[in-house]
Every structure is written in structure tokens, then in C-alpha cells.
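If you want the building blocks of each chain, they are given just below.
Number of protein chains: 4
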Amino acid sequence: MFFASDNWAGAHSAINDRLSKESTRFAAAYGNSELDKSVEERFNEIFEREVSVYFVSTGTAANSLSLASIARVGGVVFAHSEAHVIEDECGAPDFFSGMRMVGVEGAGGKIDPARLKARIAGFPQDALHHGRAAAVTMTQATETGTIYSLNEIEAIVRIAKDNDLPVHMDGARFANALVALGATPAEMTWKRGVDVLSFGGTKNGCWCAEAIVFFNPELAKEFAYIRKRSAQLFSKTRFISAQFEAYLQDDLWLDLAGHANAMATRLRAGIGALNSARLAWETTSNEVFAVLSKASADAAKEKGSAFYDWPVPLTMPDLVAEDEVLIRLVTSFATTQEDVDQFLSICAAA
Amino acid sequence: MFFASDNWAGAHSAINDRLSKESTRFAAAYGNSELDKSVEERFNEIFEREVSVYFVSTGTAANSLSLASIARVGGVVFAHSEAHVIEDECGAPDFFSGMRMVGVEGAGGKIDPARLKARIAGFPQDALHHGRAAAVTMTQATETGTIYSLNEIEAIVRIAKDNDLPVHMDGARFANALVALGATPAEMTWKRGVDVLSFGGTKNGCWCAEAIVFFNPELAKEFAYIRKRSAQLFSKTRFISAQFEAYLQDDLWLDLAGHANAMATRLRAGIGALNSARLAWETTSNEVFAVLSKASADAAKEKGSAFYDWPVPLTMPDLVAEDEVLIRLVTSFATTQEDVDQFLSICAAA
Amino acid sequence: MFFASDNWAGAHSAINDRLSKESTRFAAAYGNSELDKSVEERFNEIFEREVSVYFVSTGTAANSLSLASIARVGGVVFAHSEAHVIEDECGAPDFFSGMRMVGVEGAGGKIDPARLKARIAGFPQDALHHGRAAAVTMTQATETGTIYSLNEIEAIVRIAKDNDLPVHMDGARFANALVALGATPAEMTWKRGVDVLSFGGTKNGCWCAEAIVFFNPELAKEFAYIRKRSAQLFSKTRFISAQFEAYLQDDLWLDLAGHANAMATRLRAGIGALNSARLAWETTSNEVFAVLSKASADAAKEKGSAFYDWPVPLTMPDLVAEDEVLIRLVTSFATTQEDVDQFLSICAAA
Amino acid sequence: MFFASDNWAGAHSAINDRLSKESTRFAAAYGNSELDKSVEERFNEIFEREVSVYFVSTGTAANSLSLASIARVGGVVFAHSEAHVIEDECGAPDFFSGMRMVGVEGAGGKIDPARLKARIAGFPQDALHHGRAAAVTMTQATETGTIYSLNEIEAIVRIAKDNDLPVHMDGARFANALVALGATPAEMTWKRGVDVLSFGGTKNGCWCAEAIVFFNPELAKEFAYIRKRSAQLFSKTRFISAQFEAYLQDDLWLDLAGHANAMATRLRAGIGALNSARLAWETTSNEVFAVLSKASADAAKEKGSAFYDWPVPLTMPDLVAEDEVLIRLVTSFATTQEDVDQFLSICAAA
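Residue numbers (this note's numbering), protein chains in the order written: chain U, 1 to 350; chain W, 1 to 350; chain E, 1 to 350; chain Y, 1 to 350.
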């Protein structure tokens, strides 16, 4: 019953097998092996166009270096006020890009288009002292388990483009969002105008596989230097490639995300049926936010469940009663129906 | 016959098996699992004292963040003029530490103590405009295949300490040096006064396992923030730990390095016996630098050998005749006697 | 009728005369002349204790380098959400300090203590991913013309100290605040617990005289290097010293600020008596924010008045009617009664 | 007898008078006054073409921000190994540009073209690990008192351009070099291919007047943001403009430099005629390097001369006998014949 985070899961056996196979070979280092090249090709297929792909070690690196690729001196980046780049990366995006992250509010973890527009307007192009608008970054799926619809993505992108701003998508849970929407990778990104994507594999069955995917080749031009200077060029890069090869083969990645999402749906349904618990808000990815009686939460923890208590959003002060607690539950490719059902029955019994 | 670099090898089967085993489990992320803790303990045993250990993704990260931990504004770091931190990391050490690397010459890839002393003297403590001496970094084994003796390490450290400078050791090939010297990890580091170590596992049988080991706890105090801000905190850290667990078990790491060194010795002996080749200079680790007739080098490449031509050192202008070429050969845990012998016989036949 | 900003004024004649006198002499460069030393002593007297004083070229530099002196990796600095360090310095504080500025709301341009406390609590000391609380900076007088009382300063500082955070004061209009409060420099700073101060002279009669004053000697220890590395060490530093010598002599600086404040008071009184204008909010320094009929504002501009239209605060959406405009008027040592009265009569006539 | 540096002199009376006049006026801040605009025009005339001019506070800022304007990630900048950007700016050029300074040797303080070519060749465009060649910077007049001829400038620039590298000129003593060569500003800069110039006024009669002059408009495009973010935008910029207006009027700047150079010539001639002293090497600007008997040097200091002892260049180990000392003498606009003659007679008498 490990619902603390999808990064508590191990690695999928197919990915692990591919890694094992790779371990017995010699091959060129620093991304120059045939495997590296073929996986790059695979990304072209997945996205139905030529893309530039660069592997890095962590999601924080993927976001930070993506933003570094579009860095402008004095630039500000607009992100949802609860975005990972603001709340959870210890300032790495600012450090690598030299830019400031500016929070934009919005319900359900999604940037509100009207507020984004107003925020950007506060940085007119000649306002030297303020700094200047330089990029918009959006998270798909969001930090709070919701998902931008294709139209919602398009609305955000259109505002960015009207202001000549490139758009970055933080796809740490890209596959979960994709499956939930039933969209193609192309539809959810460059066909809507996204310029650069953090494509996460770690949370969805790899052990360490994060890629930056450039749809805008202009942004990729200097990127080899940015990555190397940022200490993110693996010597044995092909071990990342090997993970991605297995991950992207025969729709494994979509199956894994589909499973995680289904487990979350099962959790949501179960919680909705409980007396001692309720959903805090609607989610559609592999994250579930629930209000539990403290008794249920304590019982679940005692019996071996792992999950995090979550801070009550400032905008929802009445969400949680005194004898209740807000928790986050994250499912993964490795979550089983038994895990879910056991957790629910513990809660029900408490 | 892959002698291009030790990072062309795959991963050792014991390390791979340990990874596979790890892949089926859930565990806490970000270095908080029991495995992470137990491997940290293992480092204490290996170094015969309490140390602070932090994993990072690349050797460049290990060096750059080590130096960031001892950063001083306006600081300069003294390194051999051919050191990896100067020649091969695209400025990452400067970027992360905010300091400048100052090259110190020295024969055989090793810092010359007298020159180091003179160089440091050029940065007296009150010389605001010059900047100030802040650290010494030495590479063990060196970039040119040589190894500092324990006395030579001590001589460098003593000069550093006389000037209140902390000492960093770049141990990308730490195990190779250790085995060649027949010393213990403690003897080659903190017992000589080294403060912080880049402890490399990737070149010696892991697929991605680099650690920063602090002997000076003062330097480690802020390091958790330095690493996270530098985008080097893996979520599934335990997969690094798993590699190190197998690597450090039953002296595997020393056996692997011993094998690589032995293969280099075999190469050296074979080359010494050839008419069409000779050693460029003496080496004692797993790197061999040889002058080959172009005919031999071409034949070797044609028949499937991989190695790099090497630039002729400015200090050895007469090393290579017109119909010759300087090459670097690197052996690894995965190099076989057959590889070596086949390479030698091709050269002999050319 | 130049009310655009106090930095539109020239330099006071006494300061100019002192500069002229200095221009005929030779003296040691880089802050080593006797004049430099004696002005440093003068700061000790002004603040009734030993302080460390460093001159820099701009207010932005004073703030940015003050924060650089207390930089922590992954650190966040709490400032009022409309503070100069957030809104008007193009990211320089982030660039020089490597830290992020986090806005705290509060009425009247002043940090709200309860919100500050809540904000700091969001960065507990072990919350690696969030970053960590590192400093509080407050502006005295504020960007909106208000002034923290001594008790209000103390309240903010106490919260900072309870969290082990150093406190910086942006005193670009330090003298205006001091005179308005009738306090001593010591009372408004270190006696309340302020650790480092941006002490501005430029807006109050100097042409370029900004100092960083350290009350906490620990923060000053590395500062000579920070300043030099930041390209802020003047060779002919004594020309800054000369300005400060005249500025601080015989209370000139307090007289100049007193005059500017008095002119603002006269403006406020006059505007309060007009039909076509009203004060937008209460101010007590040399800044006045007024709502004017567009007719008045246009007439004033046409007849040679210089001032800036000001964005209506988001928190005061009903402040300004459709045929009105919010403006900022700033007085200085060089503002005359005639300027004020002429402006008022133009508005009255419109 | 102040020969310590040209920055020990005060400010020329014409420049001071212009400043005084400016002090009584109001004018727009941040470079938007009419005076600012007219001085920008004046630079166009001086350089016989349209240029972009930006004022900054120090020579270190001028160099550092010039290099920041041509910054490339992973970039290296080639400079003479004794250049100010390497030896005397505490790492500021590296800090602001994010690039590394790579020293190139050369006799007489001038970059040796052949060595420059070889050094650049060490950074081929695809050599990710090394970093990449990004700029060449040359100092005119050099740190050792010599001057590049127009042909020598052209030779350096041609090598840079053959490698697609922009060229920066550090002109802290631009006027001294110009007068010594009898060239025009255009001939010594953009007509030879220089892209950006640090144009120094401080050492030649201003009290604080440093400009960055862009001949390549592409480099200037982002510069307003670079300067502001670097805390180098003066609010009362017009006080810099006022200095430059007087400086550039009626050839004052050339007259002042001509005087300083003439005083240096007088010094050189006098020293050449002494028994107790000799020139260390030939110089042609306002710097003189001399070997004095210690007795002479001591006598001169005792009787009020100010000058610096200078480290003996490593390439000239036999330059100075045991009872001798190498000193640097710098003349300025404010040096008088009497100063020179008195110094010489003290040396002669010792």
C-alpha cells in the first residue's frame, strides 16, 4: 500500500530486462552509440515529427535546463503558483536559467488564462526595471492531479504566443495525462504550440529516464553546451536510452500509465463510497486527494500504508474538519488492485 | 578491442543483478530508504571513519559540486593544467562553484609542488583584485595514466594546508589508483589530508554511480541544498545505492580495478615488445599512451579496434615522427586478454 | 514642477562644492585615502557604534549586494510583494545573491507580520525541495510613501529573529523616513535588530552616493570580495566619500530630507483642499499618491509638470473613476514651494 | 610625485565645471535626459559611425558586461595571460559572462598571434567537453605600457574573425594609446574589426566615466537588460554624460592623454640618463617600468614619491639584480614636469 509517490515504485520488468541486456555490451559513450541514435528516432515517431531529444538525470534538471534553453537576461517565467518549478525544486530553475519564476493563480492547479494575460501585461517589453516576460511553463498533469484539456492547453499557449513567449510543458506525469485525455503525444504538445517538453519516464516505470524534447529547433541549437556545462551529460547515456527503448516499445508506457490511472480511479470510487472519507477535489490522473478522518488515516498508516499528509490549500480553508486530515495518494504502474482494496477496507473499518 | 574509454564498457553482472533485484520493490525516495542508509554506512567502513556521502549523476557533477561546497567569492582553484576540471567539463566547475580554475604545470600529469607553491603565493590573502586562493584539486589517477604516490599526495596537501586551503581529489579512477598503489582508501585520502573526494564507480563497472565523499564535515553542512539546487538529487536514489552496494561488496570494486590495471600492464608489455610501437610515457593505472606507426594504427582500426588519437603534448614536441601517431588505450573491468592479445598481434602484423 | 522622481533632481550645492574641492587632489585609489577612512568613521558616529561601510554605484547594487552578503544556497528572501527588489531591479537581487525573492502582502506597502510568519512557516528548515528561508528585507520608507513605525520595524525583525533570519533594510529613502519618524539612525536600524542597510544618498541630494552599512560584522567578512567581484569597487572611491562627507556634515542630509518631506506635506494639504483631486492613500514620506481628474492631470502636464501615472493597485479596484487617473508625485531637496503651489493652482484651475 | 596609478589623480577642472553646472538642474533619470542623448550623438561623431553607448560605473564593469554581451554557454575568452580581465578583476568577467578567461602568452603584454591561433585551435566547434571559443579580448594600451600598432590589432582581429569570434577591446587607457599611435578612434577600433570597446575616461581626467561602445549592433540588442540586471544603470546617468561631454569637447581627452604620455616620455628619457636606474622594457603609453637601485627607490619613497613595486616577470628572471627593484610609474593628466624632474633628481642623488 505505497501511495506516497509514484517515485517509490521500482522499475518495470521489461525496462529492467532491457537494461540487463545492455549491461553486457561495449558501446560509444556520451550519446554516440547506435542505441542512442535509434531511440532518438523513436521519439520522432512518437511525436510524428522531427524533434531534438536530450536525456538528463532528474525532473528538476529537465525543467531547469528546458528553461535555460529559453533564457533571457532579466526574464521572468510564468508558472502556476503551485508549480513544481516554484515549490519543489529549491530554486534550480532560477539557478540554471537565470530567470525568475512568477506565480499565476488558477483553480485546480491550472493557470487561469485571464490572470496569465494580466500578469504578462505587467511586464511590457520596454519595462527595463520590471524585467521582461520570457516564457510560460505549464504542468501536465498538474501538481494537484488535474489535467489541462487540449482546449485549455491551447488557450494558455495562445496567450503566450500573442506575447511572443515560448511555452514549456513540465511532463513529469506526461503519460498519465496523455492516457487520461486519450490524446496523441503530438496533439498534446507541438500541435497546440508547445515548444519544449520535460518528458518524464521515472515516475512511470523507469528507474531514471528523463528527456527534454524540443519541438522548436531554434531552442535546441545551444543545448548540447547547456547540458554539458550543467553536468547532465551521462557518459553511459545508452543506459537511459535502453530504458526509453523498452518504455516506448509496444505502447508499454501508455499501458503503465493506464494502469496507474485505473488504480487511481478505483481509489476514487472506493473513497467516494466511504463514510469516513471523501475526495478533496476531482482529479483525473494518478493522484488522488482525499479528506480522511484522522482515525482512518492513523489506522491506514499503522497497517503499513505509506502516503503524505497534504497542506490544506489557502483557498479552501473549510475543506478539512478538526478531526480530519487531507492526504495525497499516488498510484503507479506497480500499484495493485489488492493494495487499493486493502487500503479502502482499512479506512472503512476505522 | 574497445580501448576508447573505460566508459564504453557496460555494467558488471553483479551490479546488474543487484539493480534487477531492486527493481521489484517499493522504497522511500530521495535517499531515505533503508538501502540508502546502509550504503552510507558501508562508505564509513570502507573509509574507516564517519564520512558524508552524496550521490550525483556524473563525474562532472561530482567535481563541480565538490568545488561548490568549498566555494568562496573571488576564489581560485588550483588544478593541474591538463586536469579534467579545466579541459573536459565545459566550464561546469566554474559554473557551479563560481570560482576560477587556475592551471599548474607539472610533469606526468601531476601538479609540481614547487609550482603550486609559487602559484598560490601569487594570490596573497589581501589581494582583492587578483582574487584569492580557495582550494587545490588533484586527480588520482591522473588524466595521463600516472598515479600520485602517497608521499606525493602528502606533499601537495601540505602546501595546501600551509595556505589554509581545502583539498579535493578527483577520483574518477579512484579504484585503479588504489589498487596500483596497494593502499587503503583511508591512506590515500583523509589520512593524507584530503577533505572531499569525487568517488567514481561508473568507469569501473557501474552504469551510473558517482559519489561525493566528505571527510571534512564542515564542507558537507550545506551540501544537501547545493545538490538539490543543482538538480542532482535523484528521486529513485536507491538505484545508485544498489549499484554501490554490489560494487563495494566482497572487494568487487578492487577486483574490477585490478583486472583493468592488469590488462593495461599486459598492453604495456606487449607494446614494449613491438617494433612498430612504443610507450609514449610510463603509466601505472588502466590507461596506456603509445606511439604507433600510422600503418599499425590504421590496421587496428580497420580490424575493429576502438581508441582515440591523442594530441601530442606541447612539452614533448619530438615524441612522434611523421609516420607515427600518439594514441590512448584504456582498459576496463570488461577488457579481456583476448582483446589485448588480438590488438597486439594486429599491430605486430602491420 | 518636477515630481517624476527624486532622482530627477541634481546635486546639492554643498555636496557639489565638496566634490569640486576633491577634484584638484591626488589620493590613494580603491577606498584607501584618508578621506575614505574619515568618512567611514563618520558613519560610526552617525550610527553610534562601529559599522562596516561599503560604497556602491546604485541602489540596485546596494540591495543586491546586501543580499549577496547573506546568501544561502536554496535560500528565499521575504520582501513586500511590491518591494523594489521584486518589482524594479530586473532580477538583480536574484542574480547577485542566487536567492529567490518571495512576496509577502501587506497593506500600505508594509509587510504584514502575520503573513510574514505564515510565509516563513512554509519553508521549514528541513524542506529541501522548497528551499529555505534565508532573510527578510524591508523598505523604509516604502515604495508607496508610507513609513514603518519603530514598533512595526521591531515586529518584523522579531519574526525574522525567531526564525534565525537576518534582516536587511532598503533605505533608498532612509533620510526621509528618519526625519518623518523623528528617530535616530541607530533607533531605526540596529537597535531594532536590522543587520544590514542600503543607505541611499542619491535621491536626497547627492549625485551618486549609495552605501551598504553592516551592523552585523559577520556579514561583512567576505564583502570586500563580493563587491569587487560584482564590479562595484570604484577606483576613485573618494569622490563618493566626498559626497557623503558633505551630506553628513551639520545634519545636511536631515535638512534636505526634512525639506522634501515638508514639500510633500504641502502637496498633500493642497490636494486635500482641491475639488478635482484627492489623496489616494495616506503617506508620510516625500511621496504623494493622488487621484486627479484627467483634465487636471492633462493640464498639469501641458504646463510643464513632470510626474508618472501609477497603476491602480489590484487591491483597490474602485479607487479611480473613469475620468480620473492615479498619479505619483515625488518631492526632493530641490523642490520649491513655488513648484508645489504652481502645480496646485493649475490643478485647481483645470 | 604621485606615480602609483593614473587613478590617483582627481578630475580635470573642465570636467568638474561641467558637473557643477549640471548639479543645479532637474532632468529625466536613467539615461533619458537630453544631455544623455546628445552625448550619445557625440560618440557617433567621435567614432565616425553610429554606435551604441552604455555607461557603467567601473572599468571592471565595462569589461565584464562587454563580455556578458557576447556570452555563450561553455564559452572561453582568449586574453593575454597578464590581462586585467584575468589578473585584476577578481573573477568579475567570469561571473558576469559565465565564460572562462584563457590566457595567451605574448611578449610585451601583447597577445602573440601564432599562439592565439594555436589556442583557438584547441577548442574546435564540436568539442563539447573542452568548451568552445567565444571571443577574443585585447587591451589597448596594454597592462605593461605597450601599444598594439594598427597592423598588430588587425592581425589579432583577423585570427578572431577567421574563427567567427567577436573582438572586445579593453580601452581603460584608450586615449593614451590613440594619441601615441596618432590614429583616429575609428581606425583603432571598428575599421580594424573590433566589435565592442570598453572606453575609459576615469584614468584620464574624469572622476567616474566608463562607457561600453558597441560597433556591432547585434551585440547591443539585449544590453539594456544586461546592464540593469547587473546593477549598473545609474539613476542620475546624466552626471556621467556631463563628464563625457566635457571630456570629448574640443579634443580635451586627447590633450589630457597627450600630456600624460609626454610626462611618461620625459620620465623615460630621464631614467635612461641615470646611473642608478634603467628602463625595464620599452613602453609607449603613460606607464613606465624601471629598474632602480633599492637606494634610489627608498629615497624616492621617503621624499614623498608614490609608486608600486612590480613583480619581476617570470619570463625575465635576470631583469633585476639583488640590490635593485622593479617599479611601475604611471603618469596622468595631472602629472607636472616638476613632479617628474623632482623624482628624477632624487633618484640621481641617491
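Hints in this document: simulated from the structure, not taken from any laboratory.
Treat the hints with care, since some could be wrong.
Treat identical chains as interchangeable: a pair holds within one or across any two.
Said to hold, decoys possible - Dumping the calculated DSBU-like pairs for lysine-lysine here, alpha-carbon to alpha-carbon at most 30 Å:
no.	residue 1	residue 2
1	Lys21	Lys161
2	Lys161	Lys301
3	Lys161	Lys221
4	Lys21	Lys191
5	Lys21	Lys294
6	Lys117	Lys21
7	Lys37	Lys21
8	Lys117	Lys294
9	Lys221	Lys301
10	Lys303	Lys117
11	Lys303	Lys161
12	Lys221	Lys303
13	Lys37	Lys221
14	Lys21	Lys301
Checked hints:
no.: 1; hint: Lys21 <-> Lys161; result: neither (45 Å within a copy, 48 Å between copies)
no.: 2; hint: Lys161 <-> Lys301; result: neither (47 Å within a copy, 36 Å between copies)
no.: 3; hint: Lys161 <-> Lys221; result: both (20 Å within a copy, 21 Å between copies)
no.: 4; hint: Lys21 <-> Lys191; result: neither (36 Å within a copy, 41 Å between copies)
no.: 5; hint: Lys21 <-> Lys294; result: neither (47 Å within a copy, 36 Å between copies)
no.: 6; hint: Lys117 <-> Lys21; result: neither (50 Å within a copy, 47 Å between copies)
no.: 7; hint: Lys37 <-> Lys21; result: both (17 Å within a copy, 29 Å between copies)
no.: 8; hint: Lys117 <-> Lys294; result: between (41 Å within a copy, 27 Å between copies)
no.: 9; hint: Lys221 <-> Lys301; result: neither (49 Å within a copy, 32 Å between copies)
no.: 10; hint: Lys303 <-> Lys117; result: neither (48 Å within a copy, 36 Å between copies)
no.: 11; hint: Lys303 <-> Lys161; result: neither (51 Å within a copy, 41 Å between copies)
no.: 12; hint: Lys221 <-> Lys303; result: neither (53 Å within a copy, 36 Å between copies)
no.: 13; hint: Lys37 <-> Lys221; result: within (18 Å within a copy, 37 Å between copies)
no.: 14; hint: Lys21 <-> Lys301; result: between (39 Å within a copy, 26 Å between copies)
Hints 1, 2, 4, 5, 6, 9, 10, 11 and 12 from the earlier list are contradicted by this structure; the remaining hints agree with it.
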